[in-house]
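Visitor: Can you make the complete structure from the sequences, with help from the hints?
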Amino acid sequence: MNRHLLSAADLSRDDALLVLDTAEELARLADRPIKKLPTLRGRTVVNLFFEDSTRTRTSFEVAAKRLSADVINFSAKGSSVSKGESLKDTALTLEAMGADAVVVRHGASGAPHRLANWIHGSVVNAGDGTHEHPTQALLDAFTMRQRLGRLEGLQVAVVGDVLHSRVARSNVLLLHTLGADVTLVAPPTLLPVGVEAWPCAVSFDLDGVLPKSDVVMMLRVQRERMHGGFFPTTREYSRRYGLDARRMAALPEDAIVMHPGPMNRGVEIAAEVADSVRSTIVEQVANGVSVRMAVLYLLLGGQLADTAEAAA
Amino acid sequence: MSNKWILRGVRPLGGEATTLYVDNGVLVDEDPVGAQEFDAHGLIALPGLVDLHTHLREPGREDAETVETGTLAAALGGFTAVHAMANTEPVADVAGVVEQVWRLGQDAGHCDVHPVGAVTVGLKGEQLAELGAMAESAARVRVFSDDGKCVHDAMLMRRALEYLRAFDGVIAQHAQDPRLTDGAQMNEGIESARLGLAGWPAVAEEAIIARDCLLAAHVGGRVHFCHVSTAGSVELVRWAKSKGWNVTAEVTPHHLFLTDEVVASYDPVFKVNPPLRTAEDVAALRAGLADGTIDAVATDHAPHPLEDKETEWAAAAFGMTGLETALSVVAAAMVETGLLDWAGVADRMSIRPAQIGRLGSQGQLLTPGAPANLVLVDADSTWLVEPAHSASRSRNTPFAGRTLPARIVATFLRGRATVLDGKPA
Numbered sequence: 047m048n049r050h051l052l053s054a055a056d057l058s059r060d061d062a063l064l065v066l067d068t069a070e071e072l073a074r075l076a077d078r079p080i081k082k083l084p085t086l087r088g089r090t091v092v093n094l095f096f097e098d099s100t101r102t103r104t105s106f107e108v109a110a111k112r113l114s115a116d117v118i119n120f121s122a123k124g125s126s127v128s129k130g131e132s133l134k135d136t137a138l139t140l141e142a143m144g145a146d147a148v149v150v151r152h153g154a155s156g157a158p159h160r161l162a163n164w165i166h167g168s169v170v171n172a173g174d175g176t177h178e179h180p181t182q183a184l185l186d187a188f189t190m191r192q193r194l195g196r197l198e199g200l201q202v203a204v205v206g207d208v209l210h211s212r213v214a215r216s217n218v219l220l221l222h223t224l225g226a227d228v229t230l231v232a233p234p235t236l237l238p239v240g241v242e243a244w245p246c247a248v249s250f251d252l253d254g255v256l257p258k259s260d261v262v263m264m265l266r267v268q269r270e271r272m273h274g275g276f277f278p279t280t281r282e283y284s285r286r287y288g289l290d291a292r293r294m295a296a297l298p299e300d301a302i303v304m305h306p307g308p309m310n311r312g313v314e315i316a317a318e319v320a321d322s323v324r325s326t327i328v329e330q331v332a333n334g335v336s337v338r339m340a341v342l343y344l345l346l347g348g349q350l351a352d353t354a355e356a357a358a
Numbered sequence: 028m029s030n031k032w033i034l035r036g037v038r039p040l041g042g043e044a045t046t047l048y049v050d051n052g053v054l055v056d057e058d059p060v061g062a063q064e065f066d067a068h069g070l071i072a073l074p075g076l077v078d079l080h081t082h083l084r085e086p087g088r089e090d091a092e093t094v095e096t097g098t099l100a101a102a103l104g105g106f107t108a109v110h111a112m113a114n115t116e117p118v119a120d121v122a123g124v125v126e127q128v129w130r131l132g133q134d135a136g137h138c139d140v141h142p143v144g145a146v147t148v149g150l151k152g153e154q155l156a157e158l159g160a161m162a163e164s165a166a167r168v169r170v171f172s173d174d175g176k177c178v179h180d181a182m183l184m185r186r187a188l189e190y191l192r193a194f195d196g197v198i199a200q201h202a203q204d205p206r207l208t209d210g211a212q213m214n215e216g217i218e219s220a221r222l223g224l225a226g227w228p229a230v231a232e233e234a235i236i237a238r239d240c241l242l243a244a245h246v247g248g249r250v251h252f253c254h255v256s257t258a259g260s261v262e263l264v265r266w267a268k269s270k271g272w273n274v275t276a277e278v279t280p281h282h283l284f285l286t287d288e289v290v291a292s293y294d295p296v297f298k299v300n301p302p303l304r305t306a307e308d309v310a311a312l313r314a315g316l317a318d319g320t321i322d323a324v325a326t327d328h329a330p331h332p333l334e335d336k337e338t339e340w341a342a343a344a345f346g347m348t349g350l351e352t353a354l355s356v357v358a359a360a361m362v363e364t365g366l367l368d369w370a371g372v373a374d375r376m377s378i379r380p381a382q383i384g385r386l387g388s389q390g391q392l393l394t395p396g397a398p399a400n401l402v403l404v405d406a407d408s409t410w411l412v413e414p415a416h417s418a419s420r421s422r423n424t425p426f427a428g429r430t431l432p433a434r435i436v437a438t439f440l441r442g443r444a445t446v447l448d449g450k451p452a
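So the sequence lines, in the order shown, correspond to chains W and S. Residue numbers for the first sequence follow the numbering used here, so the first one is 47 and each next one is one higher. Residue numbers for the second sequence follow the numbering used here, so the first one is 28 and each next one is one higher.
By construction, these hints were calculated from the structure, which means they are not laboratory data. As the structure is a prediction and not an experimental result, all values here were calculated from the model.
Here are some chain W residues the structure puts well away from chain S; computed CB gaps all over 10 angstroms:
| hint | residue |
| --- | --- |
| 1 | Pro84 |
| 2 | Leu252 |
| 3 | His273 |
| 4 | Pro308 |
Selected chain S positions facing chain W (Cβ under 7 angstroms, derived; list incomplete):
| hint | residue |
| --- | --- |
| 5 | Glu215 |
| 6 | Ile217 |
| 7 | Ala220 |
| 8 | Leu224 |
| 9 | Gly226 |
| 10 | Tyr293 |
| 11 | Glu339 |
| 12 | Trp340 |
| 13 | Ala341 |
We put the CB at the ideal spot given by N, CA and C, even for glycine.
Guide: Right, here's the structure in full:
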């Protein structure tokens, strides 16, 4: 693996499978009374969050702590673009503190790439602007494999605001690497110009795509998009691109419904769908910890054999 | 230092080797008494370069550039005249500010500084600035621009084009529809989709160019388009010229050389307005410059202090330095590719920009009687672009670390050497 995880494109097929397999092994820990491994004892992981994201930050924090790393939460909200302390100064501060890995969430696309120029530790992209969120894609792939037993040849529909979605970008890249077939479904205003170069299909018609989908991943519609003229009204969006019980019935029998959270119940996903047996939303959260453990563990050079011994 | 020169072995416009004589600020046809000899064997002589688009940042942002440092960089790049853009602090929208910039240029003495006047008060796009007062000032302003901002109100643009007819002024339009580029970060296309950066569509430039060609034709005004960057813009300018309308255009060296693929590094040294475009756009710009559709190369030299570039992409300032690398980049993009010869370079980098700016004493062919504004170029040698060695106060060159062809050996401003042996004279 590379020293950093900035994009899902950084992962070869072998890398990605190694992360998923490692995560699977680490997931077994969660069933034990003592959930902690000594693997990263003495290593420091910094959670550098320029945007609020309690769930992602907590997930990384739990992952690092289960590997016995020292965790520093560095909340820098509002101090970047607003010309407080610069990203570079923050990087130099973390460098001086001896961070072995920096998990960064930032509102600007590419901020983790910039950070990687300025520090020696590993940088993990925990979501950058409208660019990527590679650990989300890894946990999504992990969840699909867990539920459906395979990734190769799976038909995955990713539905909603693709234009502004870092989850969609990372999922398209990773799922392509892993042999799944992705179809993006959105109103044309929420697909980027240039999407034709992505390794996936594109459709404007959710009802046409659902009957042949093994996985439907619903993306969150951000509140500011609702007022940004991308579609006429929230109700119209919901009618055309929301997943309700009627639409869910058109899915093949074993198909699953995913959502990266947080959900807008009643907008992109109906409550009865979110809470149905097809829904993997709670599993995704649990799997997030295992996958992030695997990523930190592999980036910081842990040995799988050592872990097995330590766990034994 | 002597203002009398004998330049032996020099090749005007890349032609046959000859000797040029300089006396009292002009080219003469015989050996002036007491002249200094300069061995120019193998060097190409071009009329001193004229930049239609330079940001000297003074007054207001002297941390980025001053008239002194910017014009020294210009001389080192072979320029004998630059047009200083109006987006200073305060804005160059009254006679007092343009006269100040003009005088700072005179005092620095490295090259002529022709201030550009703002079209509208404070660049706000609401009310015409006192264009006539700036035209009649000591700075004799003929080029007016809200550069950095587009004059997007169609009625205001119409009035400005009409009004300037009284004193043969030109509007240098920064063609960018503001609504289509709200928050835009890079060219909209395959790369912006992949990088998750807000797209800047070609149509945002082309729609304004199309509109302003029609407006200029309707009122008989003169419009010049700053830094055209798309294949569609070239087509529109070609079409307007075929109609006989009074339309001119410039292209920057960086748009002739770099594509949006370099943005993948997220290094804001590549962040510029208008954004770097695709390889197809670069090819169309080169073809347009070669066939004369695009009249001029202009640098859009836009210095920024390090802290405005050492940031995440979205927070960084737009702009690149360009005065010291312009001729070399044009040599690489146009001469080495066979698209332009050196006479063509002289036309696009000196003669035509001087005509657009109505600069009588610049952009003249190197014949006896012409003002001795010239640059000597060693076309056969290459050099490494090292930002730390730049005379500009800023370091934001996108060509750092590249080896480029064509080295400036000497620059003469009205017979006085401003640069000798590639160094300030």
